[in-house]
Structures are given as C-alpha cells and as structure tokens.
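What follows is each chain in one-letter form.
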Amino acid sequence: MRDPYLVLGLSTDADDDAVERAYLEAIKRCPPERDATRFSAIRTAYEQLRTRRDRAAFDLFDTTPPAAIDILDKIAPVGAPARPERSLLQTLLRGEP
Amino acid sequence: MTKKHKRRKGRVGGSHEIATPILTERAQEALDAQRWRDAITAYKELSKREDRADWRLRLADAYAGRAGELTEKGMLKEALAIWENRAALDPQLPLAPGHAALLVRLDRLDAAVALLAEDGDGALPREQREQIRAQLAARILGGDDAMLERLPDDDPIRRHAAPALTALAGYCDGDDEAVRAALAEIPFRSPYRDWAQILKALLLQPTAPAEAKALLDRIDDDSGFAPLRRAAILSLLPEHEFLGAAATAKPAERRVAAVLRGWPSERIAVWQALHALGDDPPPKALICLLHQHQPVLGADWVRRKSLSLIASDRSPESIHWLRECGGKAPNHFEQALLTAWRTDTNRDPWLLLERWRDCAAFLERQWHQRKDPDLALRIALLLRHADAQGNMLGPPAQPSGHPEEFDTIAAEYLEASLSWDPDDQATYLRLIHFYRRGRQLKNARRLLEQAQERWPRDMGVLEAAMDIALDARSFKKAAGLARRILDIDPINSGVRRRLVNAHLAHARKQQTKGRGDLARKELAEAASWARDTTISKRIALMTALLSIVDGDPDGVRALRDQFQGQDIALADRLELALAADAIGLWLGTVDNQLKLKKPKARDRDDLAATMTRLRSARDDDLNLSDATLRMLEAALTSRTPWDQLSRVELEAACETLARHELDRARQQAANAGRKRWRNEPIFELHRFEAKYPDGFDYRSMKDLWGLEAALDRARANGEMRTAIRIEEALPAFGPRGGLGGGPIPVPSLPPIFADDFAEDDDEGLPPDIVDIIRTIGIKRALEIFGAPPELIRSVKEIERMMGPDAATDMLLDLLGDGSTPNPFEDLPFPP
Numbered sequence: 001m002r003d004p005y006l007v008l009g010l011s012t013d014a015d016d017d018a019v020e021r022a023y024l025e026a027i028k029r030c031p032p033e034r035d036a037t038r039f040s041a042i043r044t045a046y047e048q049l050r051t052r053r054d055r056a057a058f059d060l061f062d063t064t065p066p067a068a069i070d071i072l073d074k075i076a077p078v079g080a081p082a083r084p085e086r087s088l089l090q091t092l093l094r095g096e097p
Numbered sequence: 001m002t003k004k005h006k007r008r009k010g011r012v013g014g015s016h017e018i019a020t021p022i023l024t025e026r027a028q029e030a031l032d033a034q035r036w037r038d039a040i041t042a043y044k045e046l047s048k049r050e051d052r053a054d055w056r057l058r059l060a061d062a063y064a065g066r067a068g069e070l071t072e073k074g075m076l077k078e079a080l081a082i083w084e085n086r087a088a089l090d091p092q093l094p095l096a097p098g099h100a101a102l103l104v105r106l107d108r109l110d111a112a113v114a115l116l117a118e119d120g121d122g123a124l125p126r127e128q129r130e131q132i133r134a135q136l137a138a139r140i141l142g143g144d145d146a147m148l149e150r151l152p153d154d155d156p157i158r159r160h161a162a163p164a165l166t167a168l169a170g171y172c173d174g175d176d177e178a179v180r181a182a183l184a185e186i187p188f189r190s191p192y193r194d195w196a197q198i199l200k201a202l203l204l205q206p207t208a209p210a211e212a213k214a215l216l217d218r219i220d221d222d223s224g225f226a227p228l229r230r231a232a233i234l235s236l237l238p239e240h241e242f243l244g245a246a247a248t249a250k251p252a253e254r255r256v257a258a259v260l261r262g263w264p265s266e267r268i269a270v271w272q273a274l275h276a277l278g279d280d281p282p283p284k285a286l287i288c289l290l291h292q293h294q295p296v297l298g299a300d301w302v303r304r305k306s307l308s309l310i311a312s313d314r315s316p317e318s319i320h321w322l323r324e325c326g327g328k329a330p331n332h333f334e335q336a337l338l339t340a341w342r343t344d345t346n347r348d349p350w351l352l353l354e355r356w357r358d359c360a361a362f363l364e365r366q367w368h369q370r371k372d373p374d375l376a377l378r379i380a381l382l383l384r385h386a387d388a389q390g391n392m393l394g395p396p397a398q399p400s401g402h403p404e405e406f407d408t409i410a411a412e413y414l415e416a417s418l419s420w421d422p423d424d425q426a427t428y429l430r431l432i433h434f435y436r437r438g439r440q441l442k443n444a445r446r447l448l449e450q451a452q453e454r455w456p457r458d459m460g461v462l463e464a465a466m467d468i469a470l471d472a473r474s475f476k477k478a479a480g481l482a483r484r485i486l487d488i489d490p491i492n493s494g495v496r497r498r499l500v501n502a503h504l505a506h507a508r509k510q511q512t513k514g515r516g517d518l519a520r521k522e523l524a525e526a527a528s529w530a531r532d533t534t535i536s537k538r539i540a541l542m543t544a545l546l547s548i549v550d551g552d553p554d555g556v557r558a559l560r561d562q563f564q565g566q567d568i569a570l571a572d573r574l575e576l577a578l579a580a581d582a583i584g585l586w587l588g589t590v591d592n593q594l595k596l597k598k599p600k601a602r603d604r605d606d607l608a609a610t611m612t613r614l615r616s617a618r619d620d621d622l623n624l625s626d627a628t629l630r631m632l633e634a635a636l637t638s639r640t641p642w643d644q645l646s647r648v649e650l651e652a653a654c655e656t657l658a659r660h661e662l663d664r665a666r667q668q669a670a671n672a673g674r675k676r677w678r679n680e681p682i683f684e685l686h687r688f689e690a691k692y693p694d695g696f697d698y699r700s701m702k703d704l705w706g707l708e709a710a711l712d713r714a715r716a717n718g719e720m721r722t723a724i725r726i727e728e729a730l731p732a733f734g735p736r737g738g739l740g741g742g743p744i745p746v747p748s749l750p751p752i753f754a755d756d757f758a759e760d761d762d763e764g765l766p767p768d769i770v771d772i773i774r775t776i777g778i779k780r781a782l783e784i785f786g787a788p789p790e791l792i793r794s795v796k797e798i799e800r801m802m803g804p805d806a807a808t809d810m811l812l813d814l815l816g817d818g819s820t821p822n823p824f825e826d827l828p829f830p831p
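These protein sequences, in sequence, are chains A and B.
Anchor point for the first sequence: position 28 equals 28 in the numbering used here, and the numbering is continuous, going up by one each time.
Anchor point for the second sequence: position 677 equals 677 in the numbering used here, and the numbering is continuous, going up by one each time.
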C-alpha cells in the first residue's frame with residue numbers, strides 16, 4: 001500500500017478541498033482506461049484522505065512501512081521526461097557498463 | 001592437480017575413459033543444457049578421437065556460448081580468448097557477431113575495421129558484414145569517429161556518419177526538427193538504421209509510448225545499438241516495474257533510462273542506496289536511511305514512517321532503533337501507540353480496549369493544556385478504534401446488559417467519543433443498531449434524537465428511526481417515517497418491504513388476539529404499501545381468509561368457490577397455506593371450512609411452480625407452520641412427477657426441500673434424480689442427507705459407501721463444490737473420516753459398488769437368527785457359532801466406536817443384503 005499523500009501529491013496539511021482537487025486532477029491525468037492499477041491506487045488514496053476524520057485516522061492507525069517508491073517520491077518526485085546528456089548516451093553507445 | 005581442475009574433470013566424468021557413443025550423447029546433452037564448459041571438454045575429446053565436421057561445428061557453438069557467458073560476466077579478455085579458440089577451429093568458419101562486437105568493445109577496432117577493409121571481394125556473409133558495420137557505427141556515435149578515416153570512402157559507415165552524428169547532436173540539444181531532418185538522410189540499408197529507429201522511438205516516447213515500444217521491438221538483441229534499445233525499453237516500464245527491472249540492468253542503461261523517465265539525480269542516488277539494502281531491506285536499515293535523508297524527507301514524515309517500521313518488527317530491541325539511527329527515542333504517547341498497534345492483530349477485546357484507551361488517555365491529558373480541535377478528533381478516533389478493530393458492536397453483537405462486559409465498555413467508549421467528535425454519523429448509527437439488536441430501545445432513542453438533531457433529513461438516520469418505531473410497534477410513526485424516506489428515495493424497496501412485513505406481523509398478532517377488525521385494518525395498510533404483485537395477492541388472500549375467522553359465510557363461500565375443485569394446483573394450495581400461516585390461522589381449519597381435499601402436484605408445471613414458490617418463501621424468510629410443512633410433505637411424496645423435471649430443476653428442488661427440511665420429499669426427488677442420472681454425485685448426496693437428517697446412524701453401510709463412491713466421482717469430474725459438501729456430509733468416524741486411524745476393519749466387506757444400489761429394502765436374515773443375535777449380542781453369538789477371530793475382533797472394535805446397538809444393526813444389515821458372506825451360513829442352527 002502506497003502513502004496516499006504521495007499518490008495524490010499532497011502535503012500532510014492538505015484540507016478537504018485540496019484532497020478533492022488533487023483527486024480530480026489525478027484521475028483526469030490517469031483515467032481507468034489508461035492505467036487501471038494506477039487509477040485504483042489513486043482511488044484508494046482518495047478514500048483514505050477524503051475527510052479530516054479520514055486523514056486523522058490514517059495518521060493514527062496506518063502502520064504500513066514506507067515503500068521504496070514512497071521514499072523516492074518524497075525525496076525527489078519524478079519530473080518531466082528529460083534527454084540524457086551526450087556524454088551519457090555515448091557511454092552507452094560505446095557499450096560501457 | 002588443482003581442486004578446480006578436478007571439479008571440471010568430474011563434470012564430464014573423465015571423458016577420455018568414456019566410450020565414444022556415450023560421450024557423444026553426453027556432449028550433446030551438455031550443449032542442449034547450455035553447460036558450455038562440459039560441452040567444450042566433451043567435444044574436444046571427441047574431436048581428438050576423430051576429426052568430424054559436425055563435432056567441430058558443435059564445439060564452435062559451445063565456444064560461442066561460453067564466450068557469451070564470459071562477456072555477460074564482464075570477463076572480456078577471457079571471452080576473447082574463447083572466441084579466438086573458436087576462430088582457430090576452422091579458417092572457413094564465419095566470424096561470429098559476438099566476436100566482432102567484442103573486438104569493437106575491447107577497442108580492437110583495427111581488427112574489426114580491417115575485416116571490413118579486407119573484405120573487398122565480399123567474402124564475408126552479408127548479414128555478418130552488416131552486423132560488424134552496426135557495431136562500428138555505434139562506436140563512431142560513441143565518440144570513436146577517428147576510425148572513419150581508416151574506412152574506404154564508399155563504406156556506408158563513413159557515408160552515413162554525418163547525418164547520424166547530426167541527429168545525435170540535435171536530440172541532445174532538444175532540436176527535434178534537426179533530428180528528423182538528419183534521420184531522413186539515413187537510408188534503410190544503413191549501419192545506422194537501428195540508431196534511426198531508436199531516435200524515432202525516443203521522440204515518440206513522451207506522447208506515444210506504445211508506438212515507441214513497437215519501434216524498439218524491431219531492433220535485434222545483438223545489434224550494436226542494443227544497450228541503448230534496452231535503456232529505452234526500461235524507461236517505458238511503469239514505475240513499480242521499473243524499480244524491479246532497474247536492479248538487474250547495467251549501470252549506464254539504468255542511468256539513461258532514469259533520465260528518460262524524468263528521474264532527478266537525487267532520486268537515482270537514493271534508489272541506489274535503497275537497492276544496496278537488498279530486495280527486502282531490514283526495517284532498522286530503512287530507518288537509518290530515512291534519517292540520513294531527513295532534511296529532504298521532513299522530520300515528521302521520517303518520524304512517522306520510522307514508527308511504522310518499528311511496529312512491523314516484533315523484537316524488543318526495535319524500540320531503540322530510532323535512537324540508534326540518530327533520532328530521539330519514542331515518547332510516552334508514541335510508545336503507547338506502538339504497543340496498541342501491535343495489539344491490533346490480537347483477538348482479545350479487553351487488550352484492544354485497554355491499549356487504545358491508554359493512547360486516548362495520553363491525548364486527553366494534553367487536551368487539558370491545549371484545547372485543540374484536532375486533538376479532540378484524535379481522542380474520539382482512539383476511543384472508537386478498539387471496537388472497529390475487534391468488531392465488538394457490529395452485527396450480530398447485542399448488548400450483554402452486564403456493566404463489566406467488554407461490549408458495555410466498548411459502547412461506553414463509543415458514546416464518550418461522541419462528546420469529542422459529535423459529527424460522526426456512523427458512530428451514532430452503529431450504537432443505535434447495537435442497542436436495537438438488544439431491544440434497548442431507550443438507549444437507541446436517546447442516540448437517535450441526537451442524530452436527528454444533526455441530520456434531520458438523512459436517509460440513514462430516518463431508516464434507523466423507522467426501525468426503532470417498528471421495533472416499538474409504533475406502526476403509525478413508522479409509516480410516517482417511511483413516507484419521508486420514500487419522498488427522498490422513491491425506489492427504496494427495502495424500506496417498503498420492512499413496512500409491509502411489519503404491518504403483516506401486526507395483523508397476525510391482532511388476529512390471534514381475536515381482533516379481526518384490527519387485523520383487516522393492518523392488512524389494508526400493508527396492501528397500500530405493497531408494490532410487489534405476489535405480496536399484494538397474498539395480502540388479498542389473507543384478507544379473504546379473515547372471513548373464516550369472522551365466521552362470514554359469504555366470504556367463506558367465495559373462498560370455497562375459488563379453491564374447491566377436482567384439480568386445484570398444489571402451488572395455489574401452497575399460496576393459501578402461506579396466507580393462512582401469515583395471519584396465524586391453522587391450516588386444518590382452512591381445509592375443513594373450505595372442504596379441501598388432500599392436495600397433490602397435478603403435473604410437471606404445477607410441481608415446478610410449487611418449488612419456485614417454496615424457494616421464494618425461504619428467500620423472503622417466511623416461517624412455514626408445521627401444518628403447512630406436513631401438507632407439503634404428504635403432497636410431494638404422493639405420486640409426484642419428479643421424473644418429469646429437468647436435471648437443473650430437480651437439483652434446485654432438492655436444495656429447496658432441504659432448506660425446508662422436507663426430507664421424505666427430498667429423498668424421493670433425489671431417488672428420481674439417481675435413477676435418471678445414475679452417476680450424478682449431487683443426487684447421491686441429497687438422498688443420503690435426506691435419509692439421515694440427524695446424521696448417519698449406520699443403518700446401512702451401503703449408503704455410506706455409495707456416498708464415498710459419489711465423492712470419488714465428484715472429484716474426478718471436477719465438481720469441487722459437491723465434493724466438499726459430500727466430505728462434510730460423511731460421518732466423522734466413518735471409513736473415510738477415520739477417527740483415530742483408518743477404516744473400521746470389517747472382514748469380507750464388498751468393494752464399493754455405487755451403481756448397484758437399488759432402493760433401501762433390506763432382505764432380512766431369518767428372524768430366528770436376528771432374535772438370537774439381538775438377545776445375546778452379536779459378539780457372543782459369533783463366539784457360539786465359532787466365527788473367525790478376525791471377525792470377532794472387528795465387531796468388538798465396531799462396538800467400541802459405535803455402541804452395541806448400532807454395531808448389531810450394521811452387521812445385520814451387511815449380512816442381510818447378501819453381499820457379505822454370512823458367517824452363520826454353514827453353522828449348525830442351535831436347538
């Protein structure tokens with residue numbers, strides 16, 4: 001189970017409106033027909049954070065250890081796809097490991 | 001001889017001592033299994049014995065495999081030595097692409113270039129030449145463009161190098177137009193073809209990943225551009241798959257893929273740190289890693305996740321991990337929380353209540369110093385959690401009424417939680433229904449009033465109010481609430497059904513009290529709410545039946561006209577009986593007053609309709625009176641056309657009859673099924689269960705064996721549901737169940753003979769013998785008649801397990817059916 005705040009890209013002080021907005025944006029970006037697994041994760045995250053009571057309950061009772069992807073997302077979220085530098089590409093083209 | 005050498009030699013088992021045909025076989029096996037070293041040893045030995053072209057070729061294959069293996073491991077020089085061994089086998093052997101690739105990779109470009117330059121007459125196969133060119137082309141793009149000078153002017157590597165390099169520069173600079181223009185200059189049959197495909201895929205990657213993947217899939221694994229292709233494919237994986245796949249990728253491929261995915265360098269660095277901890281990192285190592293990155297991750301997040309990691313470990317040392325990793329030791333509240341989390345999996349309600357109460361108590365003390373609404377909410381949640389975790393007050397729990405029982409304490413905590421967080425509707429409703437189930441309507445009403453003040457038009461609260469009104473027999477109030485609910489939700493069939501049922505129940509109550517007038521009124525109310533045709537018809541019938549109670553001759557005559565006749569359907573008689581039961585009118589009275597004959601199913605359709613009606617009665621939770629059940633049992637066992645039902649209908653009928661415990665009828669139906677579909681295990685099961693409704697009593701072992709045979713057939717047919725049901729129906733200490741061991745050893749018992757079972761008629765032993773056995777006991781009788789000790793021992797065992805009466809019955813049954821040799825047959829009959 002992933003950290004719902006990270007799935008929705010929210011800070012831990014997000015309020016109901018922020019959760020709602022983040023959820024709507026997330027499902028717009030990732031509708032179920034595009035990636036059902038990701039959509040399901042978004043939906044689950046929304047259910048976990050929907051109300052102030054839900055968020056407090058998550059904070060008190062969730063004991064899921066952090067997943068590697070959570071730690072990575074928290075440290076440096078995935079940005080826009082980039083292009084490797086020429087030197088990096090050339091390393092690969094030379095067959096270097 | 002070194003150990004290593006000894007081991008190597010051992011694998012082929014001292015090949016010089018092995019006969020050639022056996023060694024040939026082993027060599028081929030090793031080659032097929034990709035045990036390259038063994039294959040090399042074996043084929044070398046074979047080649048020494050005889051110079052055969054096919055063995056040489058296979059040795060070359062083994063060398064190629066081994067060289068590839070070494071290349072994978074990064075042992076490039078060793079791999080090159082193996083390739084050279086391969087090349088030395090036969091000067092005519094074409095250069096392998098892997099060999100060429102390795103030459104390029106080891107910077108022995110001259111050798112590769114020389115191969116191409118010297119191949120002016122085209123001695124190299126075309127495919128091989130193209131592969132070498134692609135390898136060199138990749139190196140040129142990788143920065144080794146000086147070699148271009150050493151190639152002939154007309155070599156395609158040289159001719160197409162300029163647009164390929166321009167495309168590379170354009171891609172890295174983000175100039176897509178320049179890339180496209182340059183790629184347009186690279187022809188299809190160019191050493192840079194794969195490069196062009198990969199660049200096109202990379203341009204498509206952000207917007208059309210599927211198309212990009214399709215382009216990448218066209219490139220061979222042994223292409224000179226394969227590392228870049230692999231990196232591009234890696235970059236297209238979903239994030240969770242990427243994390244796994246990246247672990248096995250080569251570092252340069254991983255770095256390129258990460259950049260293509262948009263991974264910042266910090267992410268790559270932490271991923272590498274996480275990867276170093278292994279697939280399932282120890283919690284403590286993760287806590288330390290989190291603390292190392294605390295400035296970026298945030299102190300609160302690190303703290304909270306560290307506590308989760310501590311909770312995931314049961315060792316007592318885990319409580320010290322925070323401090324050992326550079327954090328502060330858990331405070332009192334955190335310690336209480338850790339203890340409570342670990343209790344969550346415990347089934348002890350007292351422990352749950354106590355641990356979570358401790359956590360709430362900590363926050364309550366803080367509340368006195370800091371009146372924070374968030375704190376109040378947390379206290380409420382902590383007070384509710386034990387109940388939620390242990391489902392202490394959910395259905396079917398009822399109040400014990402004892403002040404020191406855990407359900408009372410849990411309810412108190414829940415009520416207390418409402419003072420901290422009075423806006424949680426779910427808690428009100430949970431408590432209301434808990435109290436309702438225990439008929440503590442005063443408590444339920446108290447909470448309902450609080451809920452109604454907050455949510456006067458809420459459906460859940462209105463339904464709870466209606467349920468309480470129905471519990472209190474306040475039908476008028478319930479009807480008013482039902483109207484309000486149906487105003488909001490007109491298709492709420494559940495509310496409508498509950499209200500109709502409540503009026504019907506009340507009508508029955510009034511009728512049994514002799515208040516027919518009030519019963520009619522209730523029925524009229526029920527009719528006004530009912531929308532279902534079947535219910536409406538039954539209410540009409542119930543109203544008509546009240547004329548019998550009232551002694552209304554006209555009403556009785558009308559009913560008689562409706563039901564008296566030669567050919568009244570059994571389904572209609574069942575409907576009449578259900579209506580009589582619903583108002584508490586004895587069916588005998590109805591039959592007498594209406595002068596009805598004994599019912600029976602008149603044909604197949606009537607039987608099917610009766611079964612359907614009976615099934616829906618069970619689905620509607622209608623209680624059939626004993627008189628109705630007796631009427632049905634008699635009707636359904638009197639020349640009932642079971643054999644005219646289809647297999648599905650008959651199976652459904654058996655299930656329905658089972659639910660109503662109409663065992664005789666079910667046995668008949670099952671027997672009809674067994675006759676028509678002889679090997680269907682489900683009918684064997686129904687017959688067995690119907691014949692032994694109180695459990696198997698060892699009346700007939702044939703039945704037991706028949707059921708066991710049915711179990712075997714069900715398993716063989718893959719009818720697992722039926723097989724499970726049969727297993728459950730088999731007696732615990734029967735031959736299969738084996739209480740305390742295997743089957744009861746009955747000598748000379750026949751094998752299981754499922755298909756030979758006829759009806760249950762026992763052909764008894766001579767009555768005199770039966771009398772003697774019953775009088776003196778079967779064991780003594782066997783001793784007197786000199787029965788074999790083996791049989792006497794078995795009988796004693798059976799008696800010990802089943803009791804003397806059941807054992808006697810069982811043995812008489814066995815002897816009586818003639819399938820077991822009669823031990824008394826040849827014995828002198830006592831005077």
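Note that these hints are calculated values from the structure, not bench results.
Mixed in with the good hints there might be a few duds.
Straight-line alpha carbon distances no greater than 20 Å define the calculated EDC-like cross-link-like pairs of lysine to aspartate or glutamate that follow [as the list claims (entries may be wrong)]:
| id | chain 1 | residue 1 | chain 2 | residue 2 |
| --- | --- | --- | --- | --- |
| 1 | B | K213 | A | D62 |
| 2 | B | K284 | A | D62 |
| 3 | B | K250 | A | D62 |
| 4 | B | K44 | B | E72 |
Some chain B residues judged to face chain A by a derived CB distance under 8 Å, without partners named [to be verified]:
| id | residue |
| --- | --- |
| 5 | W55 |
| 6 | R108 |
| 7 | P206 |
| 8 | R618 |
| 9 | D621 |
| 10 | F688 |
Across the chosen pairs, the derived CB separations fall in these ranges [stated by the list, open to error]:
| id | chain 1 | residue 1 | chain 2 | residue 2 | range |
| --- | --- | --- | --- | --- | --- |
| 11 | A | R50 | B | D489 | 36 to 44 Å |
| 12 | B | R473 | A | D15 | 17 to 25 Å |
| 13 | B | K44 | A | P81 | 50 to 58 Å |
| 14 | B | H240 | A | G79 | 30 to 38 Å |
Backbone N, C-alpha and C fix where the C-beta goes; we use that ideal spot for every residue, glycine too.
Hint check results:
For the given pair, K213 (chain B) sits about 39 Å from D62 (chain A) by alpha-carbon distance, which is inconsistent with the 20 Å threshold. For a cut-off of 20 Å, the pair hint linking K284 (chain B) to D62 (chain A) stands: about 19 Å separates their Cα positions. With a CA separation close to 37 Å, the supplied pair K250 (chain B) and D62 (chain A) exceeds the 20 Å bound. Between K44 (chain B) and E72 (chain B) the alpha-carbon distance is near 24 Å, which puts this suggested pair outside the 20 Å criterion.
Interface restraint check for W55 (chain B): the shortest CB-CB distance to chain A comes to about 33 Å, outside 8 Å, so the restraint is violated. Hint status for R108 (chain B) relative to chain A: violated, with the closest Cβ pair at about 13 Å, above 8 Å. Annotation: P206 (chain B) was flagged as interfacial toward chain A, and the flag holds, the nearest CB pair being 5 Å apart, inside 8 Å. Interface restraint check for R618 (chain B): the shortest CB-CB distance to chain A comes to about 37 Å, outside 8 Å, so the restraint is violated.
A distance limit of 8 Å between C-beta atoms decides the matter here; for D621 (chain B) the minimum to chain A is near 33 Å, and the interface restraint is violated. A cut of 8 Å between beta carbons decides the hint on F688 (chain B): the least distance to chain A is about 46 Å, and the hint is violated. Distance hint for R50 (chain A) and D489 (chain B): a CB-CB separation of about 23 Å, inconsistent with the stated range 36 to 44 Å. Under the hint 17 to 25 Å, the C-beta atoms of R473 (chain B) and D15 (chain A), about 47 Å apart, miss the expected range.
Taking 50 to 58 Å as the suggested C-beta distance range, the pair K44 (chain B) and P81 (chain A) conforms, at roughly 52 Å. Remark: the range hint 30 to 38 Å for H240 (chain B) to G79 (chain A) is contradicted by a beta-carbon distance near 18 Å.
Hints 1, 3, 4, 5, 6, 8, 9, 10, 11, 12, 14 from the earlier list are contradicted by this structure; the remaining hints agree with it.
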